[in-house]
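Undergrad: So the chains spell out like this:
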Amino acid sequence: MAPIVGIDLGTTNSLVAYMDRGIPRIIPDPDSGPLVPSVISVDEQDAVLVGRAGLERLVVDPHSTVFSVKRLMGRGIEDARQEIELFHFPITSDSQQVIRLKLRSQVFTPPEVSAHILQRLKLNAEKFFGEPVNQAVITVPAYFNDAQRQATKDAGRIAGLGVVRLVNEPTAASLAYGLDKRKQGLVAVYDLGGGTFDISILKLKDGIFEVVSTNGDTHLGGDDVDARMIALVIATLKQQTGVDWSDHDQAVQLIRRAVIEAKHQLTDQQAASIAFALPDAKRTRVEIPMTRPEFENLVRPLIERTLPPVRQALADAKLQPGELDEVVLVGGATRMPMVRHLVEEIFGKIPHTELNPDQVVALGAAVQADILAGGTQDMLLLDVTPLSLGIETLGGAVAKILLRNSTIPASATQMFTTLVDGQTSVDIHVVQGERELVKDCRSLGRFKLRVPPLPAGMPRIEVRFLIDANGILNVTARDVRTGTQQSVDVRPSYGLTDAEVEKMLLESFAHAEEDLSERLAIDARHEAEIVIHATEKALAGPAATAISSDECLRIETALNELKRVLPSDSHELIRRKTNELNQATQHLAALIMDSTVKQALEGKKLEDVK
Amino acid sequence: MPLTSDQDYFSAFGLTRRMSLDPADLEKRFYSLSRKLHPDNFYRASKEEQESSLEQSARLNDAYRTLRDPFARAEYLLTLEGHQVEKKGSGVPPELLEEVFEWREWLAELRASASAQTESAHRVEVQQELSSAKTKLGQRLETSLAELQALFLRWDHVLDAGGSPPEREIVLAEIGKVLAKRSYLQNLVNEVSEPLEG
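Protein chains in written order, with the numbering used here: chain A, 1 to 610; chain B, 1001 to 1198.
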């Protein structure tokens, strides 16, 4: 059985990893190595390009290319106003619905875009293992709310991946760092990624990873740094040449590429220049120099926005910054020297950066996958819910029923009754957030409780709110008088219904698995044909006279066996028979070591023969 | 040893209703039960076992959350022992009445003066006053914790001696008073912590 993989579905890049005998490893992408750019693009033929190929189209075809879609997951259009300004692709939706992106003739919801990225990672893993991969642990920002988590799970389903667990990114990172089970003490994980910021404080003791508190900002990351730099470049151009490029999408993407490059250079250098050619008739070269202090002044306000969440997490954990034993940095944006200094200043410690900040989350996801598969034992993660759960009461106020930082799974029960005689249903509105009024919290969903018609106040319906180990809410209700259970269908405020997910699945990926096994069989057949050809050639050659008739018979038997199974759809069977033939011809191959067929018969060097 | 919903939180941890809990011991019990019950251990098990693990693990976490916090633990004990907790809004505890009144008045004046003045120096001053008030109230909250812990010892003593229901009720009533007082102090802390308008 193929292992459960660990996936970091990031704002900028995504990765897939697995556990190789106790050591987590990344499975690389053929185009882009360990990191797969979280970009999809629809080309002129309406084909969907994912990863590096998608990213390359961002400049030439910005209107048909989506990046940073994670910022739109589980959100309504009103809610994502600020993010939408970063994008060029057309966004459509009614105010209460899931956002829809129009790329050429195709329409995508954010979970579908993510599903394409997940499918790419799934295929990479399948090629790597040579068998279907159907299960994954996927990471999400710790501060993701219920709707954002649900949307991530939907994306997995659409991609044909069973999401066996959602793990919070900073916690996953701590698992990768904490593989050494002797690690004890209090650890802070500061995770600044492409689009989200998380801070988590954990207590490590005898293999238990207990999250004490978590906080964050799901609108803050490297993307915002880029946006500030782009705005500066556009303003500079306008001032110097009088031309405003802000509505020229291709220009904006060229500038984006240039500022990202300059940003990366400023990590190691004191100065860099933002260099690019404008898409005008003369392809005018632009070079805007920037020193590190200038860069830091520009982005300092963004980085300082991580401070209030850090303070809140410390306060919730009832800890002073100096009490932490270790601090870990996660996320590409923590490469900025300014971030390192800030973290050092807050905690009075040099933060850990031994593990690659782009990869550590995926590595941790692989560890959690291995824990679930029963491979890694005596490590246990106890995570928390990042936001308080509440229900709407009279006057639009919120009654909190589960407080933030409660260890999950967690549950709370509430009793409901009626206000009017004969009332047959009670509407319940569930929200998430810390504020006192419904309008300041995030609406998770609404549901109707069915109530038997009785005098007001008589019915007693007990509702149980349970947040599972994924941080996702489940609701069940029971009539206390009769003991009858009723199923509760929470209609997500900005989510997809099961039926919608099902439809997307059928439309886009219904045959993905069949396709895969077919492809694997084609590959196996191709390899087998090469071996058959080489064997036949060897048997007809001079070396064949040097072997015994017994050996010759064995080879011929294996050869015929392989020919017999060649039309089979089972890549496993074809591969087994190919291996048997390779075994049988080993001696013959040794005999003709110097001959020209050497490469072909060794079997292992098939790549060169092809 | 499965956790069932008819079990109280104390017996879920194999404890009696003694209120002076050693946090380290409670944590040890919590970790060891978590290792047994957490859904991670049941990923490869049957659907029924998975559901039961989710239920039990949620209940374990609910129990730990309640028992580890002395105030939540005290409230839970009152419910468990059938002690009638006074309804919220039934009035400020008499010994706090005057103090709460004075705090409220002071706060209202302070906020009014802050919003009347736009000068930032003045606002900083007000902010400082608020934060020193918060510290003072924080100390009062500390005191209420000490009071509660003293009552926990009394309760344990009564429990160990096999005290009669009326004897128990006396201590429970005292615990109830401390909780009510604390809830008012906490409200004041929240009010002081609210940011200034404007």
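Bear in mind the hints are in silico, worked out from the structure with no lab data behind them.
Careful, some of the hints might be misleading.
For lysine-lysine, the following BS3-like pairs were computed, each having C-alpha atoms within a straight-line distance of at most 25 Å [claimed, not checked]: (1) A/Lys400 / A/Lys318; (2) A/Lys400 / B/Lys1134; (3) B/Lys1134 / A/Lys183.
Undergrad: Could you grab the alpha-carbon distance between A/Lys400 and B/Lys1134 and see if it respects the 25 Å cut-off?
TA: holds (24 Å)
Undergrad: Can you confirm whether the C-alpha distance between B/Lys1134 and A/Lys183 stays at or below 25 Å?
TA: violated (37 Å)
Undergrad: Under the criterion that the straight-line Cα-Cα distance not exceed 25 Å, is the pair A/Lys400, A/Lys318 satisfied?
TA: Holds, at about 21 Å.
Hint violations for this structure: number 3 only, all remaining hints satisfied.
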